[in-house]
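For chain A, the structure is supplied; the task is to place chain B on it using the hints.
Residue numbers (full-length UniProt numbering), protein chains in the order written: chain A, 1 to 318; chain B, 1 to 328.
These are calculated hints, taken from the structure and not from any lab test.
Please read all numbers here as calculations on a predicted model, not as lab measurements.
Glycine included, every Cβ here is placed at the ideal spot set by N, Cα and C.
Please note that a few of the clues may not be correct.
[Stated by the list, open to error] Derived Cβ-Cβ restraints for the label pairs, each shown as a range:
| # | chain 1 | residue 1 | chain 2 | residue 2 | range |
| --- | --- | --- | --- | --- | --- |
| 1 | A | Ile174 | B | Asp67 | 23 to 33 Å |
| 2 | B | Asn322 | A | Leu170 | 53 to 63 Å |
| 3 | B | Asp212 | A | Val305 | 49 to 59 Å |
| 4 | A | Ala310 | B | Ala305 | 57 to 67 Å |
| 5 | A | Gly207 | B | Glu103 | 54 to 64 Å |
| 6 | A | Ile174 | B | Asp121 | 27 to 37 Å |
| 7 | B | Lys54 | A | Phe162 | 36 to 46 Å |
| 8 | B | Lys307 | A | Ser152 | 18 to 28 Å |
| 9 | B | Lys307 | A | Leu289 | 33 to 43 Å |
| 10 | A | Pro151 | B | Lys54 | 44 to 54 Å |
| 11 | A | Leu289 | B | Asp212 | 27 to 37 Å |
| 12 | A | Pro151 | B | Ser257 | 52 to 62 Å |
[Stated by the list, open to error] With a straight-line cut-off of 27 Å between C-alpha atoms, the simulated DSSO-like cross-links for lysine-lysine are:
| # | chain 1 | residue 1 | chain 2 | residue 2 |
| --- | --- | --- | --- | --- |
| 13 | B | Lys108 | B | Lys307 |
| 14 | B | Lys146 | B | Lys106 |
| 15 | A | Lys32 | B | Lys280 |
| 16 | A | Lys32 | B | Lys29 |
| 17 | B | Lys256 | B | Lys153 |
| 18 | B | Lys54 | B | Lys286 |
| 19 | B | Lys27 | A | Lys32 |
| 20 | A | Lys32 | B | Lys108 |
| 21 | B | Lys185 | B | Lys236 |
| 22 | B | Lys214 | B | Lys175 |
| 23 | B | Lys214 | B | Lys236 |
| 24 | B | Lys27 | B | Lys293 |
| 25 | B | Lys307 | A | Lys32 |
| 26 | B | Lys54 | A | Lys32 |
| 27 | B | Lys293 | B | Lys29 |
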Amino acid sequence: MNRIRKLQGPALILALLALLWIIVILVLLVLKPSVFSLGTVTTILQFSTILALVALGQAIVILAGGAGIDLSVGGIVSLSAIAGMLAMKLGLPSFLLPPACIIAGAALGAFNGVLVTKLSILPLIATLGTFFVYSGLALALTGGAAQSGVPSWLLIWGRGVFSGIPVPFLTIAIPVFAIAGIVLMWTAWGRWIYAMGFNERSARLVGIPVDRARLILYSLSGVLSGAAALISLAWLGSGRPNIGQNLELESLTAAMLGGIAILGGRGGVGGVFAAVMLLVTLKTGLLQLNVNTVWQVGIVGALLVFVLLADRLSQNWR
Amino acid sequence: MLKHIRKALAISALSLAVSTAAFAQDKPKVAFVPQLIGIPYFNAMEAGGNRAAKELGVDFIYSGPVDTNPVDQLQIVQNLIDQGVNAISVSVLDASSIAPVVEAAKAKGIKLFTSDSDAPDSGRAVYVAQATDEGLGNTIIDELVKRVGEDAKIGIVSGEATASNLNAWIGFMQKQAAAKYPKLKLLEPQYAGGTAERAAQISGDLMAANPDIKAIIAVASTTCPGVAQAIETAGKIGSVIGAGYCSPNTARSYLKSGAFGFTVLWDPAQLGYLTVWAGKQLIDGKAFEAENKVPGFDNPVTYDATKGILLLGPPAVFTAENVDKFDF
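Excised from the complex, chain A in its bound form:
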């Protein structure tokens, strides 16, 4: 018990999330042993993939401080998916669909970055604005209709399962998280991000190109959302103008739950990954137990308050 009390920051959050995750699993095991099959694992990972990528983008933007937040991620996912499909309808060769989605995401993210860094608009307001612009544009371009015609080779990748693990999760989510973790922990780049989140003024004084770095981070968040859009296409077989619905708040919840400090400079991608897993496992578990979905929203909220409270209290103990 004492050892847990000594944990702080990311380590405490990770321990807490792991503990909560084990509790969820145990409760499930007791109430419904039949849940535990490879199929359930596949389901959880399948529904985690998109959220994990978007939450990672959200996390790095918040981590870099300057009141950074990206409320437009859901809009970017919707619009990149639609942009890719429409480009293909206009004659883009189908093998260019993956880069098209990712480039669209990068461009939309970069636009956020320009608003925030060059025009100095508060990120909350800038990305709230672009959220409405992007998701509105996705609906307007399609009239609300789903865009079919995803090439079948992409479906093989998107719906494939390799020893219980969905292929998109294996080939995109895991590598991306590994790279992000390594960059943040062991490179100068990673240190810069923490430094500018922790104290922007000092970061500028020691010569870190804060604005340029931030612009790149917003673009990266866009790239990750574009990748999420691509996965949604490959998995569902059609581009839907509202596919990114609710992702902005869910990704924010995952980032906060994962121990990213809202003011930046503190937290790690491991926590974000654990938080995504916990959220999706919890949701799956409640669904398997046929708990009314109305309750699930409240339970996720209560969980967020609880974890943040634990984090807060641990700082007071110091």
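Okay, now just chain B, sitting in the frame of chain A:
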């Protein structure tokens, strides 16, 4: 610490024993996944489903998303498949998204079918239809023309822009208007999402922008109160009439105040009943016949084998005169 763990283990073992005892009954399970929970329409379907479950001897599971998000709905369906529910019916939010789960269900030998809203090319086992989309679209236009005449401007307020059933009805309204009433002018449909407030705002704007508008059609059941409220607030009762696909309980006060001329719908409780009945037939491996006798139904239920559609019956028109005979 160890003591705690031992205690926890003992408790879990105990509850495991209790829960297995509780789950020991072996009735076939039929699930229905609505587009949205907590609205009267799907509540009525749930009630009908529960009644059928009791009478037909099956377990009925009712679970749906809290807002109209197709991925959330997909996740619920996927989890029902993982649970091994015998038959799953879905009121599809987005026809294209259902394809992956249909495959997953087939792989596990689960009967997946649609009810209330269809996904025609998904490979579903059957579609339990409330009424044909064509019948619904035509009825509302025909009834409106009876009231406002052929030379009229009519607004359309729908729910989600992506809901396939709503879009199909709008399509048939436009077709019927173009084919039978060339002078009728249908405005571009407006989408209010799931809220009545937004529908009220849109309807208010429609009336302000088109002073000569004669009627507004509320396509989604959630938009009816908004449209009616807007007509009442604007003081246009008598000069603009509302109409739509909403339940008698939702529309009763508006039908009586005159803000609504009529509504077109079916009985969702019967639809819920028929859905569970169809699930039971599929589980039992019984084929549908061209005309099926369903307990509690006055008329036999028709089945269209080429399209795979089980049809509840013709749509009903509710007006101020007959609305009190219904309660849903």
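Taking each numbered hint in turn, which are not upheld by the structure, reported in ascending numerical order?
Violated: hints 11, 14 and 25.
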